[in-house]
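In the order they appear, the protein sequences are chains A and B.
In terms of the numbering used here, the first sequence opens at residue 1 and continues consecutively.
In terms of the numbering used here, the second sequence opens at residue 335 and continues consecutively.
Hint data in this document are derived by calculation from the structure and do not stem from the laboratory.
Given the structure is predicted, the values throughout are model-derived calculations rather than measurements.
It cannot be assumed that every hint is accurate.
Stated by the list, open to error - When the alpha-carbon atoms are kept at most 20 Å apart in a straight line, the in silico DMTMM-like pairs for lysine to aspartate or glutamate are as follows:
no., chain 1, residue 1, chain 2, residue 2
1, B, K484, A, E160
2, A, K163, A, E183
3, A, K163, A, D177
4, A, K163, B, D476
Claimed, not checked - Computed, partial: chain B to chain A, Cβ under 7 Å:
no., residue
5, Y350
6, T356
7, Q376
8, I380
9, M403
10, H438
11, V440
12, L447
13, R486
14, A488
15, A490
Claimed, not checked - Now the stretches of chain B that chain A is said to cover, found in silico as 3 or more residues with beta-carbon under 8 Å:
no., stretch
16, 359-372
17, 466-473
We put the beta carbon where it would ideally sit given N, CA and C, even for glycine.
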Amino acid sequence: MMTGADWSNSRGRVMRWLAARRGDLIADLAGALDLEAGLHDASIPARHRAVADDLAAVLDLDAGLTAIVGGSRAPSSRPSAARRSLVNTRDLIDVVAAAPPAVSLALRQPMRFYLRILDDLYDMGVVRAYTRRLVRYLPDLHHDGTTARRARNTAETLREYIKHVRFSQFDRPDRADLTAADELAGVVAALDPASGDDVARAQQLGQALQQSNDPDGEVERAWIRTVDLAHTTSEQLGIGAALGCSLDISHVDLGDPNRLHQMVDDFTDADLRDVDIAGLLDSGGNLDGMRWSDRTLWPDDTWLEWALQNSERLGPGVYQIQPGAGASTLLPQG
Amino acid sequence: VGKTGIVPAEEFSEFYRRFVPTLVAFLRWQGVPLRDAADVAQETMIEAYRLWSTIEHPQAWARRVASRMWARRLAAAVEEPVANPPDRLGLLAITDVAAWEQRHEVLRILDQLPARQRQVLAWRLDGYQPAEIAAELRMTADAVRSSLLKARRAVARQLRDGGRP
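Looking at chain A on its own, in the form it has when it is part of the complex (with noise of 0.2 Å):
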């Protein structure tokens, strides 16, 4: 039997105790849950997708419109391709998974960027959303103890959340609602509901944050600048032709950017062997958070070396180049 200062001075033992519970869990839900039910649900959807294009594509949907509502062929229910102003993630997932190296290494950066963009879109609407809630809970505040609880408990979430907010642009215009957010979960946090000073202050604060910005509009504007991003970084490198045409999509939906956020960093089994990665560094580009693993081809062994010098450990035979890395004064000589 283990005593209080057993557990205390053994954190590989407390860890294996949880390890062993958790083991615990996972078996006992396997017998607390449907799973028959639920695999046959979770194909439902998709099956009724397939069925319906398959449908899709053997009737004359427009006759039939034209036969009901009369007139001429009633017009398509699709938006024009004007209006339609993202670009489609599984698109670029294809642009990126079919790319060159060389080009694979160029759109890198600019993606990046990109992606940066819309985690940060991500983290603001969760805010917002955190932020709407609050505010809904603060006309009750006075009268009721439930909703002033259940308030208190959003404003610490939602102050944990800010915490961890790593807004990639410095001069973001949102960053003023974070701050004026975290202020207002502070308020509510500390609020004394007998007080109509806090609370009146909370309203004013959660007011000023139900502006809501133009999420679309900032992607967009966004992509204009990754894709003039990845046009210079090309034609510094001498492949601009192979890259603009990579780049020739003008849809996006935001269907599955975390798939595109792995294949944009993994190059863990890339040949690299041709690619000018020293050009690609003298032309302002890095390597930051690159994953590579012991099936990458490097130019030479110099590189290698580089890489290994310069990288965290991921697991077996994978790693990840740590920011910094293309400092010119780490560069492989020769």
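Here the structure of chain A is known, so what remains is to put chain B in place on it, guided by the hints.
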């Protein structure tokens, strides 16, 4: 035909049966109520089935998507969860959640920890290294290690004070 030579539906089914309990445990470990954890896991699997051919690392993908889905759901909720769960086919096959949870003392201990420490602990026990957790949760690796240390100490304290063997 999928990467392993079997049809994707079979590949997905195998993944679903094997991984869903782990995913629900991963969410519950972080403090997501059990019913919500089951719902979020199921929604994640619906999305996984739709995107199956494009997902390279399904477990990592599912953990990330489920975590974000829960954050969005939490942030967007207009009301607190209703007292009576909606009457529909759910993944959860039990009705008395409280009685089921009482069987797992670890949940009571975890409930005493701050959300961030629970989150980091859940990723660590699922086999992720601090650098990987840092990337997933957008923290620094040092902050992850610090949270882990605090979590371990807090659990040790709970076990000591609770007189656990």
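We went through each hint and held it up to the structure:
1. Among the hinted pairs, K484(B) with E160(A) is consistent with the structure: their alpha-carbon atoms are about 16 Å apart, no more than 20 Å.
2. For the given pair, K163(A) sits about 12 Å from E183(A) by alpha-carbon distance, which is consistent with the 20 Å threshold.
3. With a C-alpha separation of about 14 Å, the suggested pairing of K163(A) with D177(A) holds against the 20 Å cut-off.
4. With a C-alpha separation of about 15 Å, the suggested pairing of K163(A) with D476(B) holds against the 20 Å cut-off.
5. Annotation: interface hint on Y350(B) holds; nearest CB of chain A at approximately 5 Å, less than 7 Å.
6. For T356(B), the interface hint holds, since its Cβ comes within 7 Å of a Cβ in chain A; the closest pair sits about 5 Å apart.
7. At about 6 Å, the closest approach between the beta carbon of Q376(B) and any beta carbon in chain A falls short of 7 Å, and the interface hint on this residue holds.
8. Because the beta carbon of I380(B) sits about 5 Å from the nearest beta carbon in chain A, less than 7 Å, this interface hint is met.
9. The interface hint given for M403(B) is violated, since its Cβ lies 11 Å from the closest Cβ of chain A, which is over the 7 Å cut-off.
10. A least Cβ separation of about 6 Å between H438(B) and chain A falls short of the 7 Å threshold, and the interface hint therefore holds.
11. Checking V440(B) against chain A: minimum C-beta separation of about 4 Å stays under 7 Å; hint holds.
12. Nearest Cβ of chain A to the Cβ of L447(B): about 11 Å, over the 7 Å cut. The hint is violated.
13. Among the interface hints, the one on R486(B) holds; its C-beta lies about 5 Å from the nearest C-beta in chain A, closer than the 7 Å criterion.
14. Hint status for A488(B): violated, given a least beta-carbon distance of 10 Å to chain A, over 7 Å.
15. The criterion of a C-beta within 7 Å of any C-beta in chain A is met by A490(B), whose closest approach is roughly 4 Å, and the hint holds.
16. By the rule of at least three residues with a Cβ nearer than 8 Å to a Cβ of chain A, the coverage given for the stretch 359-372 of chain B holds, with 4 such residues.
17. Counting residues of the stretch 466-473 of chain B whose beta-carbon sits less than 8 Å from any beta-carbon of chain A gives 4, enough to reach three: the coverage restraint holds.
Comparing the model with each numbered hint stated earlier shows that hints 9, 12 and 14 do not hold.
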